[in-house]
Amino acid sequence: MADLTKDEVRSLGKAAGLDLQEPHLTEVTYNINALRELLDDLNPPGLDEVEPLPIIHPYHQIGQ
Amino acid sequence: MNSAAIPFLTAAALGRLIQRQDISPVEAVEAYLERIYRVDRKLNSYITVCRDHALAAARQAEQEIAAGEIRSPLHGVPVAVKDQFNTAGILTTGGSKVLATNVPTHDATVISNLKNAGAILMGKLNMSEFATGNSVYHHWGTPRNPWDRTRNPGTSSSGSGAATAAFLCATSLGEDTGGSIRNPANNCGLVGLRPTWGLVSRYGMLGASWSNDIGGPISRTAEDCALTLQAIAGPDPNDLYTTQTPTPDYQAELNGDIKGLRIGVVKEGLYADFVQPQVRDTVSKAIGTLESLGASVDEVSIPLLPYTAAINRIHIEVEAAPSHWEWLATQPQNYDHNVRTDFLTGCVVPGQLYYKALKLRELIRAQVFEALDKVDVLALPNTSEPAPLINNKPGIFSQEEARARMSGRRSLTGSFNLASVPALAVHCGFVSAEGSPKLPTALQLAGRPFSDGMLLRVAHHFQEATPWHIQRPPI
Numbered sequence: 001m002a003d004l005t006k007d008e009v010r011s012l013g014k015a016a017g018l019d020l021q022e023p024h025l026t027e028v029t030y031n032i033n034a035l036r037e038l039l040d041d042l043n044p045p046g047l048d049e050v051e052p053l054p055i056i057h058p059y060h061q062i063g064q
Numbered sequence: 001m002n003s004a005a006i007p008f009l010t011a012a013a014l015g016r017l018i019q020r021q022d023i024s025p026v027e028a029v030e031a032y033l034e035r036i037y038r039v040d041r042k043l044n045s046y047i048t049v050c051r052d053h054a055l056a057a058a059r060q061a062e063q064e065i066a067a068g069e070i071r072s073p074l075h076g077v078p079v080a081v082k083d084q085f086n087t088a089g090i091l092t093t094g095g096s097k098v099l100a101t102n103v104p105t106h107d108a109t110v111i112s113n114l115k116n117a118g119a120i121l122m123g124k125l126n127m128s129e130f131a132t133g134n135s136v137y138h139h140w141g142t143p144r145n146p147w148d149r150t151r152n153p154g155t156s157s158s159g160s161g162a163a164t165a166a167f168l169c170a171t172s173l174g175e176d177t178g179g180s181i182r183n184p185a186n187n188c189g190l191v192g193l194r195p196t197w198g199l200v201s202r203y204g205m206l207g208a209s210w211s212n213d214i215g216g217p218i219s220r221t222a223e224d225c226a227l228t229l230q231a232i233a234g235p236d237p238n239d240l241y242t243t244q245t246p247t248p249d250y251q252a253e254l255n256g257d258i259k260g261l262r263i264g265v266v267k268e269g270l271y272a273d274f275v276q277p278q279v280r281d282t283v284s285k286a287i288g289t290l291e292s293l294g295a296s297v298d299e300v301s302i303p304l305l306p307y308t309a310a311i312n313r314i315h316i317e318v319e320a321a322p323s324h325w326e327w328l329a330t331q332p333q334n335y336d337h338n339v340r341t342d343f344l345t346g347c348v349v350p351g352q353l354y355y356k357a358l359k360l361r362e363l364i365r366a367q368v369f370e371a372l373d374k375v376d377v378l379a380l381p382n383t384s385e386p387a388p389l390i391n392n393k394p395g396i397f398s399q400e401e402a403r404a405r406m407s408g409r410r411s412l413t414g415s416f417n418l419a420s421v422p423a424l425a426v427h428c429g430f431v432s433a434e435g436s437p438k439l440p441t442a443l444q445l446a447g448r449p450f451s452d453g454m455l456l457r458v459a460h461h462f463q464e465a466t467p468w469h470i471q472r473p474p475i
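Chains as they are written, first to last, in the working numbering: chain A, 1 to 64; chain B, 1 to 475.
No lab work stands behind these hints: they were computed from the structure.
C-beta: ideal position from N, C-alpha, C; glycine also.
Please note: incorrect hints may appear among the correct ones.
Cut-off 30 Å, straight-line C-alpha distance, at most; resulting in silico cross-link-like pairs (DSSO-like, lysine-lysine) [what the hints assert, rightly or not]: (1) A:Lys-14 with B:Lys-359; (2) A:Lys-6 with B:Lys-285; (3) A:Lys-14 with B:Lys-393; (4) B:Lys-267 with A:Lys-6; (5) B:Lys-356 with A:Lys-6; (6) B:Lys-285 with B:Lys-267; (7) B:Lys-356 with A:Lys-14; (8) B:Lys-97 with A:Lys-14; (9) A:Lys-6 with B:Lys-374; (10) B:Lys-393 with B:Lys-374.
Beta-carbon label-pair distances, calculated as ranges [as the list claims (entries may be wrong)]: (11) A:Ala-15 with B:Asp-52: 47 to 55 Å; (12) A:Ala-16 with B:Lys-374: 23 to 31 Å; (13) A:Asp-48 with B:Gly-256: 39 to 47 Å; (14) A:Asp-3 with B:Glu-464: 51 to 59 Å; (15) B:Ser-3 with A:Pro-44: 27 to 35 Å; (16) B:Asn-391 with A:Ala-16: 52 to 60 Å; (17) A:Leu-53 with B:Asn-238: 19 to 27 Å; (18) B:Lys-259 with A:Asp-40: 23 to 31 Å.
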């Protein structure tokens, strides 16, 4: 997957109501691309089948 | 007893002497105030010292104890809390200039609970801005490590680690989103417990990541941790995620046996290539000590552990960002440079990335529980290296650097946040770094949900068998 450009990240910011300026634009671009890179590489067995369950784990005894 | 010696007592010992009226709470508070004013200018561990509040509360405790009304083992004992917990009438900053004048009208539940237990609030402790891990600028002064003041005391509950290690409070509260209780305990030579998520109320706590945040104790001993946890744990109608299960007697749980306890060494933690050999050796010896006390030791696997930092980071940034949206737009200059970058990142993380992180979280949780099906306690290093030098250089200068910040050492603690299980760091020896011959490091233990008492018991037995917790930093 190709890295996002600064212009693309600036557009993401605009969509979120934020006007990203330097030097933060460059650093946010580094961060987003690093996160995309790290997660792109991460495809363990079972990922396609698993559902993102609620935060509360099954052992939790809420309301008991 | 010479009043200068009072701060060096454990919270449990001080509480016992106070109950016997051998030491008055006023005497204890005055002894701590004197030490704070003499020592803390070197450490910047406190943002606010509540002198008048503390003395008034101590006088009240003195009267109650004289009348035989003992509230808890912490009655009359001076404690301090991370400046992330709201305190009625007392400045609460989150370590940020953004909240430089914020004085809440209500106490966080953990603060009310500490007061109900009779503990005396000495003050509010310094922290990384809004409990993030990357801040460089500290509006209230840079917190420093008592073992080496050029080094970081651990983020984000930095002041809680520094103040407790330097005997500037008897016990303290921190908050842990990705390791923020355990890392200061590691760097400062203490015991820090991230409780089971849901055991301690989050009401009145400035949030970092709602699904990972939880307050917990940072203390010099496991027994002090147990007393502090006892005071703050329990159901709270203001936090619907708190458990309704009755709170166990954590002090009593310390005395159980650890013979036959099954310890699982997490191989992706202990043998990770990013863990320094001296840390690995020290932690291995600590695990050997537990084995010599009667525990059995096997290896277990959490294959996703080395990748936890990135997954944790997405959760934290996405969940934290909405709280800062308005401030980022109206007073961006009041944020630390790195914190501003992190929160801006959280504002623009693409939805599909967050969705994948949620699914990965579920897989990590399954792997942690699968490991805990085979053993009672997981064991691994808490950090990969000794306390780093204090970072004075803000900014991210390459994508590789950004990637490194989301990998490696930060993966050792985050799995247990994502799995919502309890995890504890206990000082287990010393390692060295350039210019610093003696820096603490910690063994990390994790267990099943609500096994907090068992983790404290293991740490207590470890401390009974080893000398690390009685060593004092050169401050």
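Against the structure, the hints:
no., hint, in the structure
1, A:Lys-14 with B:Lys-359, "28 Å, holds"
2, A:Lys-6 with B:Lys-285, "49 Å, violated"
3, A:Lys-14 with B:Lys-393, "29 Å, holds"
4, B:Lys-267 with A:Lys-6, "39 Å, violated"
5, B:Lys-356 with A:Lys-6, "23 Å, holds"
6, B:Lys-285 with B:Lys-267, "15 Å, holds"
7, B:Lys-356 with A:Lys-14, "23 Å, holds"
8, B:Lys-97 with A:Lys-14, "26 Å, holds"
9, A:Lys-6 with B:Lys-374, "48 Å, violated"
10, B:Lys-393 with B:Lys-374, "45 Å, violated"
11, A:Ala-15 with B:Asp-52: 47 to 55 Å, "50 Å, holds"
12, A:Ala-16 with B:Lys-374: 23 to 31 Å, "44 Å, violated"
13, A:Asp-48 with B:Gly-256: 39 to 47 Å, "43 Å, holds"
14, A:Asp-3 with B:Glu-464: 51 to 59 Å, "54 Å, holds"
15, B:Ser-3 with A:Pro-44: 27 to 35 Å, "58 Å, violated"
16, B:Asn-391 with A:Ala-16: 52 to 60 Å, "28 Å, violated"
17, A:Leu-53 with B:Asn-238: 19 to 27 Å, "25 Å, holds"
18, B:Lys-259 with A:Asp-40: 23 to 31 Å, "47 Å, violated"
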